[in-house]
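Start from the sequences, fold in the hints, and give me the full structure.
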Amino acid sequence: MPVFSPSSHHPAPAAECEPGTAPEQQTAVDKALTLLKSLAELDGEIGVSELARRNRMSKSTTFRLLGILQRNDLVDRVGSDYRLGTQLFDIIARGFGADALLLHERLLPHLVDLYELTHETVHLAMLHGTDIVYVNKLHGHRAARSPSRIGACVPAYCTGVGKALLAFDHDAAEAAISAGLPARTEYTLADSDRFRADLRRIRQEGIAYDRQEAVLGLTCVAVPVMGAAGRPVAALSIAGSDRRFDPARFAPALRRVAFEAGRTINAAMVRQAAPTGTAGL
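Following UniProt numbering, the numbering of the sequence shown begins with 1 at its first residue and continues without gaps.
These are computed hints drawn from the structure, not numbers from a lab.
For glycine and all other residues, C-beta sits at the position ideal for the given N, C-alpha and C.
Take these hints with a grain of salt, some might be off.
Capping the alpha-carbon separation at 25 angstroms, the derived lysine to any residue pairs in SDA-like fashion look like this [stated by the list, open to error]:
no.	residue 1	residue 2
1	K37	D73
2	K31	E50
3	K59	A28
Derived DEER-like restraints, expressed as beta-carbon distance ranges [what the hints assert, rightly or not]:
no.	residue 1	residue 2	range
4	A229	R249	28 to 38 angstroms
5	T27	P182	29 to 39 angstroms
6	K37	N266	49 to 59 angstroms
7	A267	N72	28 to 38 angstroms
8	A267	L36	32 to 42 angstroms
9	D171	K59	45 to 55 angstroms
10	S58	R255	48 to 58 angstroms
11	T264	P182	50 to 60 angstroms
Listed below in C-alpha coordinates is the structure:
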(Lines of atoms letter the chains of each structure in order from A; the text may use other names.)
(Lines give C-alpha, C1' and ligand atoms only; values in the text may rest on other atoms or scores of the structure.)
Protein backbone atom coordinates (compact mmCIF):
# COMPACT_ATOMS: atom_id res chain seq x y z
CA MET A 1 0.00 0.00 0.00
CA PRO A 2 1.45 3.43 -0.88
CA VAL A 3 2.63 5.93 1.67
CA PHE A 4 0.28 8.88 1.53
CA SER A 5 2.45 11.75 2.72
CA PRO A 6 3.58 14.79 0.75
CA SER A 7 7.20 15.82 0.91
CA SER A 8 6.71 19.54 1.49
CA HIS A 9 4.56 21.93 3.43
CA HIS A 10 3.13 25.26 2.42
CA PRO A 11 4.00 28.14 4.71
CA ALA A 12 1.17 29.55 6.76
CA PRO A 13 0.91 32.69 8.83
CA ALA A 14 1.02 32.49 12.59
CA ALA A 15 -2.38 31.92 14.15
CA GLU A 16 -4.10 34.92 15.70
CA CYS A 17 -5.27 34.86 19.29
CA GLU A 18 -8.78 35.81 20.23
CA PRO A 19 -9.09 39.58 20.70
CA GLY A 20 -7.67 40.58 24.06
CA THR A 21 -6.18 37.14 24.71
CA ALA A 22 -2.39 36.90 24.82
CA PRO A 23 -0.79 33.50 24.10
CA GLU A 24 0.23 33.08 27.75
CA GLN A 25 -3.41 33.66 28.85
CA GLN A 26 -4.77 30.83 26.75
CA THR A 27 -5.79 27.69 28.60
CA ALA A 28 -4.41 24.28 27.68
CA VAL A 29 -7.73 23.50 25.97
CA ASP A 30 -7.48 26.73 23.94
CA LYS A 31 -3.98 25.82 22.84
CA ALA A 32 -4.88 22.22 21.98
CA LEU A 33 -7.79 23.40 19.82
CA THR A 34 -5.48 25.94 18.16
CA LEU A 35 -3.10 23.11 17.26
CA LEU A 36 -5.94 21.02 15.82
CA LYS A 37 -7.12 23.95 13.72
CA SER A 38 -3.60 24.54 12.46
CA LEU A 39 -3.18 20.87 11.52
CA ALA A 40 -6.54 20.98 9.73
CA GLU A 41 -5.17 23.68 7.42
CA LEU A 42 -2.35 21.41 6.27
CA ASP A 43 -2.38 18.84 3.49
CA GLY A 44 0.12 16.53 5.14
CA GLU A 45 2.44 16.41 8.16
CA ILE A 46 4.38 19.05 10.08
CA GLY A 47 7.13 19.04 12.69
CA VAL A 48 6.83 20.26 16.28
CA SER A 49 9.13 23.25 15.85
CA GLU A 50 7.29 24.60 12.83
CA LEU A 51 3.88 24.01 14.40
CA ALA A 52 5.00 25.83 17.55
CA ARG A 53 6.32 28.76 15.50
CA ARG A 54 3.11 29.14 13.50
CA ASN A 55 1.01 29.21 16.64
CA ARG A 56 3.36 31.30 18.80
CA MET A 57 3.76 28.57 21.41
CA SER A 58 6.84 27.14 23.03
CA LYS A 59 8.16 23.92 21.58
CA SER A 60 7.80 22.13 24.94
CA THR A 61 4.14 23.13 25.31
CA THR A 62 3.39 22.13 21.73
CA PHE A 63 5.08 18.77 22.19
CA ARG A 64 3.21 18.11 25.44
CA LEU A 65 -0.19 18.96 23.95
CA LEU A 66 0.48 16.89 20.83
CA GLY A 67 1.25 13.94 23.10
CA ILE A 68 -2.12 14.31 24.82
CA LEU A 69 -3.93 14.61 21.48
CA GLN A 70 -2.04 11.59 20.16
CA ARG A 71 -3.04 9.44 23.15
CA ASN A 72 -6.66 10.28 22.35
CA ASP A 73 -6.22 9.44 18.62
CA LEU A 74 -6.96 13.03 17.58
CA VAL A 75 -3.44 13.39 16.19
CA ASP A 76 -1.20 10.83 14.47
CA ARG A 77 2.59 10.85 14.64
CA VAL A 78 4.47 10.05 11.43
CA GLY A 79 8.15 9.78 12.23
CA SER A 80 8.95 13.11 13.92
CA ASP A 81 5.99 14.89 12.30
CA TYR A 82 2.29 15.11 13.14
CA ARG A 83 -1.05 15.16 11.30
CA LEU A 84 -4.73 14.95 12.20
CA GLY A 85 -5.79 11.55 13.52
CA THR A 86 -8.42 9.24 12.07
CA GLN A 87 -10.49 9.41 15.26
CA LEU A 88 -11.10 13.08 14.58
CA PHE A 89 -12.73 12.22 11.27
CA ASP A 90 -15.03 9.75 13.02
CA ILE A 91 -16.16 12.56 15.33
CA ILE A 92 -16.69 14.94 12.42
CA ALA A 93 -18.42 12.32 10.28
CA ARG A 94 -21.02 11.63 12.96
CA GLY A 95 -22.17 15.18 12.44
CA PHE A 96 -22.93 14.30 8.82
CA GLY A 97 -24.78 11.07 9.65
CA ALA A 98 -24.11 7.35 9.46
CA ASP A 99 -23.74 7.45 5.67
CA ALA A 100 -20.45 9.36 5.93
CA LEU A 101 -18.93 6.69 8.17
CA LEU A 102 -20.25 3.90 5.97
CA LEU A 103 -18.80 5.50 2.83
CA HIS A 104 -15.48 6.16 4.56
CA GLU A 105 -15.10 2.57 5.73
CA ARG A 106 -16.55 0.54 2.87
CA LEU A 107 -15.16 2.49 -0.08
CA LEU A 108 -11.57 2.86 1.15
CA PRO A 109 -10.43 -0.25 -0.82
CA HIS A 110 -11.83 1.28 -4.02
CA LEU A 111 -10.04 4.55 -3.29
CA VAL A 112 -6.81 2.59 -2.86
CA ASP A 113 -7.47 0.83 -6.19
CA LEU A 114 -7.94 4.21 -7.85
CA TYR A 115 -4.71 5.54 -6.38
CA GLU A 116 -2.78 2.46 -7.50
CA LEU A 117 -4.12 2.90 -11.05
CA THR A 118 -3.26 6.59 -11.27
CA HIS A 119 -0.76 7.59 -8.56
CA GLU A 120 -2.58 10.92 -8.44
CA THR A 121 -4.61 12.52 -5.64
CA VAL A 122 -7.97 10.74 -5.30
CA HIS A 123 -11.06 11.85 -3.38
CA LEU A 124 -14.31 10.46 -2.09
CA ALA A 125 -16.99 13.05 -1.29
CA MET A 126 -20.68 13.32 -0.45
CA LEU A 127 -23.21 16.13 -0.85
CA HIS A 128 -24.24 18.10 2.25
CA GLY A 129 -26.75 20.76 1.28
CA THR A 130 -25.02 22.85 -1.38
CA ASP A 131 -21.55 21.87 -0.14
CA ILE A 132 -19.53 18.72 -0.51
CA VAL A 133 -17.85 16.95 2.40
CA TYR A 134 -14.58 15.15 1.70
CA VAL A 135 -15.12 11.71 3.19
CA ASN A 136 -11.70 10.34 2.25
CA LYS A 137 -8.57 11.30 0.35
CA LEU A 138 -5.34 9.57 -0.67
CA HIS A 139 -2.31 11.20 -2.24
CA GLY A 140 1.36 10.66 -2.93
CA HIS A 141 4.48 12.78 -3.02
CA ARG A 142 3.46 14.88 -6.02
CA ALA A 143 0.11 16.05 -4.68
CA ALA A 144 -1.02 19.40 -6.09
CA ARG A 145 -2.13 22.21 -3.78
CA SER A 146 -5.80 21.63 -3.03
CA PRO A 147 -8.53 22.83 -0.63
CA SER A 148 -9.54 19.22 -0.01
CA ARG A 149 -9.07 17.75 3.45
CA ILE A 150 -10.90 14.83 5.03
CA GLY A 151 -13.92 16.21 6.85
CA ALA A 152 -13.72 19.61 5.14
CA CYS A 153 -16.75 21.28 3.52
CA VAL A 154 -16.31 23.12 0.20
CA PRO A 155 -18.96 24.73 -2.04
CA ALA A 156 -20.09 22.08 -4.51
CA TYR A 157 -20.50 24.31 -7.57
CA CYS A 158 -16.77 24.81 -8.17
CA THR A 159 -15.51 21.24 -7.67
CA GLY A 160 -15.60 18.16 -9.88
CA VAL A 161 -17.13 15.94 -7.19
CA GLY A 162 -19.63 18.66 -6.35
CA LYS A 163 -20.82 19.12 -9.92
CA ALA A 164 -21.01 15.33 -10.39
CA LEU A 165 -23.48 15.27 -7.48
CA LEU A 166 -25.40 18.49 -8.19
CA ALA A 167 -26.08 17.30 -11.75
CA PHE A 168 -28.36 14.61 -10.32
CA ASP A 169 -29.95 16.71 -7.56
CA HIS A 170 -32.10 19.45 -9.10
CA ASP A 171 -33.14 21.04 -5.81
CA ALA A 172 -29.58 21.26 -4.48
CA ALA A 173 -28.33 22.65 -7.81
CA GLU A 174 -30.99 25.36 -7.87
CA ALA A 175 -30.28 26.20 -4.22
CA ALA A 176 -26.58 26.61 -5.07
CA ILE A 177 -27.45 28.88 -8.01
CA SER A 178 -29.86 30.95 -5.89
CA ALA A 179 -27.16 31.40 -3.24
CA GLY A 180 -24.81 32.75 -5.91
CA LEU A 181 -21.83 31.32 -7.77
CA PRO A 182 -18.95 33.61 -6.76
CA ALA A 183 -15.89 33.23 -8.96
CA ARG A 184 -13.06 31.62 -7.03
CA THR A 185 -10.79 31.83 -10.08
CA GLU A 186 -11.11 33.24 -13.58
CA TYR A 187 -12.25 29.76 -14.69
CA THR A 188 -15.15 29.31 -12.24
CA LEU A 189 -18.52 28.85 -13.94
CA ALA A 190 -20.04 31.85 -12.20
CA ASP A 191 -22.75 32.40 -14.84
CA SER A 192 -25.93 30.44 -14.00
CA ASP A 193 -26.71 29.61 -17.66
CA ARG A 194 -23.23 28.21 -18.26
CA PHE A 195 -23.40 26.34 -14.97
CA ARG A 196 -26.75 24.73 -15.82
CA ALA A 197 -25.44 23.78 -19.27
CA ASP A 198 -22.45 22.06 -17.65
CA LEU A 199 -24.75 20.11 -15.30
CA ARG A 200 -26.85 18.96 -18.30
CA ARG A 201 -23.69 17.70 -20.00
CA ILE A 202 -22.65 15.87 -16.83
CA ARG A 203 -26.04 14.14 -16.62
CA GLN A 204 -25.72 13.02 -20.23
CA GLU A 205 -22.09 11.88 -20.08
CA GLY A 206 -21.87 10.85 -16.43
CA ILE A 207 -18.55 12.63 -15.91
CA ALA A 208 -17.58 16.03 -14.50
CA TYR A 209 -14.49 18.18 -14.83
CA ASP A 210 -13.03 20.92 -12.67
CA ARG A 211 -10.59 22.88 -14.80
CA GLN A 212 -9.02 25.26 -12.28
CA GLU A 213 -12.48 26.35 -11.09
CA ALA A 214 -11.74 26.06 -7.36
CA VAL A 215 -7.99 26.67 -7.26
CA LEU A 216 -5.63 27.91 -9.95
CA GLY A 217 -3.34 25.14 -11.15
CA LEU A 218 -5.62 22.29 -10.01
CA THR A 219 -7.74 20.23 -12.39
CA CYS A 220 -9.74 17.07 -11.80
CA VAL A 221 -12.17 14.55 -13.26
CA ALA A 222 -15.06 13.14 -11.21
CA VAL A 223 -17.90 10.65 -11.52
CA PRO A 224 -20.86 9.85 -9.27
CA VAL A 225 -21.12 6.63 -7.29
CA MET A 226 -24.69 5.57 -8.04
CA GLY A 227 -27.03 4.17 -5.40
CA ALA A 228 -29.70 1.53 -5.85
CA ALA A 229 -32.38 4.15 -6.57
CA GLY A 230 -30.43 5.50 -9.52
CA ARG A 231 -29.23 8.54 -7.60
CA PRO A 232 -25.64 9.17 -6.54
CA VAL A 233 -24.67 8.57 -2.92
CA ALA A 234 -21.13 9.93 -3.35
CA ALA A 235 -18.59 10.93 -5.97
CA LEU A 236 -15.01 9.91 -6.76
CA SER A 237 -12.40 12.14 -8.36
CA ILE A 238 -8.81 12.20 -9.53
CA ALA A 239 -6.94 15.51 -9.29
CA GLY A 240 -3.58 16.82 -10.34
CA SER A 241 -1.56 19.81 -11.43
CA ASP A 242 -2.91 21.52 -14.54
CA ARG A 243 0.62 21.68 -15.95
CA ARG A 244 0.97 17.92 -16.32
CA PHE A 245 -2.38 16.29 -15.57
CA ASP A 246 -4.72 15.18 -18.39
CA PRO A 247 -8.05 14.40 -16.69
CA ALA A 248 -9.62 12.71 -19.73
CA ARG A 249 -6.84 10.12 -19.70
CA PHE A 250 -8.07 8.69 -16.40
CA ALA A 251 -11.80 8.83 -17.11
CA PRO A 252 -12.14 5.12 -18.08
CA ALA A 253 -10.38 3.91 -14.92
CA LEU A 254 -12.47 6.27 -12.81
CA ARG A 255 -15.71 4.96 -14.32
CA ARG A 256 -14.71 1.34 -13.63
CA VAL A 257 -13.80 1.99 -10.00
CA ALA A 258 -16.96 4.06 -9.42
CA PHE A 259 -19.10 1.23 -10.82
CA GLU A 260 -17.52 -1.29 -8.43
CA ALA A 261 -17.78 1.20 -5.56
CA GLY A 262 -21.50 1.54 -6.30
CA ARG A 263 -21.96 -2.22 -6.06
CA THR A 264 -20.10 -2.30 -2.76
CA ILE A 265 -21.97 0.55 -1.09
CA ASN A 266 -25.38 -0.65 -2.32
CA ALA A 267 -24.75 -4.09 -0.83
CA ALA A 268 -23.58 -2.48 2.42
CA MET A 269 -26.68 -0.31 2.62
CA VAL A 270 -28.94 -3.32 2.04
CA ARG A 271 -27.23 -5.18 4.89
CA GLN A 272 -27.43 -2.10 7.12
CA ALA A 273 -31.18 -1.77 6.46
CA ALA A 274 -31.90 -5.47 7.07
CA PRO A 275 -33.83 -6.31 10.28
CA THR A 276 -31.65 -7.35 13.22
CA GLY A 277 -30.69 -11.01 12.96
CA THR A 278 -31.24 -11.27 9.19
CA ALA A 279 -28.25 -9.31 7.81
CA GLY A 280 -25.82 -11.58 6.04
CA LEU A 281 -28.35 -14.43 5.64
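Here's how the hints hold up against the structure:
About 15 angstroms separates the Cα atoms of K37 and D73, which keeps this hinted pair within 25 angstroms; it holds. Between the alpha carbons of K31 and E50 the distance comes to roughly 15 angstroms, so the proposed pair stays at or under 25 angstroms and holds. At most 25 angstroms may separate the alpha-carbon atoms for a hinted pair to count; K59 and A28 meet this at roughly 14 angstroms. Separation of A229 from R249 is about 31 angstroms and conforms to the stated range, judged on CB atoms against 28 to 38 angstroms.
At roughly 37 angstroms, the beta carbons of T27 and P182 sit within the given window of 29 to 39 angstroms. Separated by about 37 angstroms at the C-beta atoms, K37 and N266 break the suggested range of 49 to 59 angstroms. At roughly 34 angstroms, the beta carbons of A267 and N72 sit within the given window of 28 to 38 angstroms. Remark: the range hint 32 to 42 angstroms for A267 to L36 is upheld by a beta-carbon distance near 35 angstroms.
With their beta carbons about 51 angstroms apart, D171 and K59 fall inside the hinted range of 45 to 55 angstroms. As the Cβ distance of S58 to R255 is approximately 52 angstroms, the hint placing it in 48 to 58 angstroms holds. Take T264 and P182: their Cβ atoms lie about 36 angstroms apart, and the range 50 to 60 angstroms is violated.
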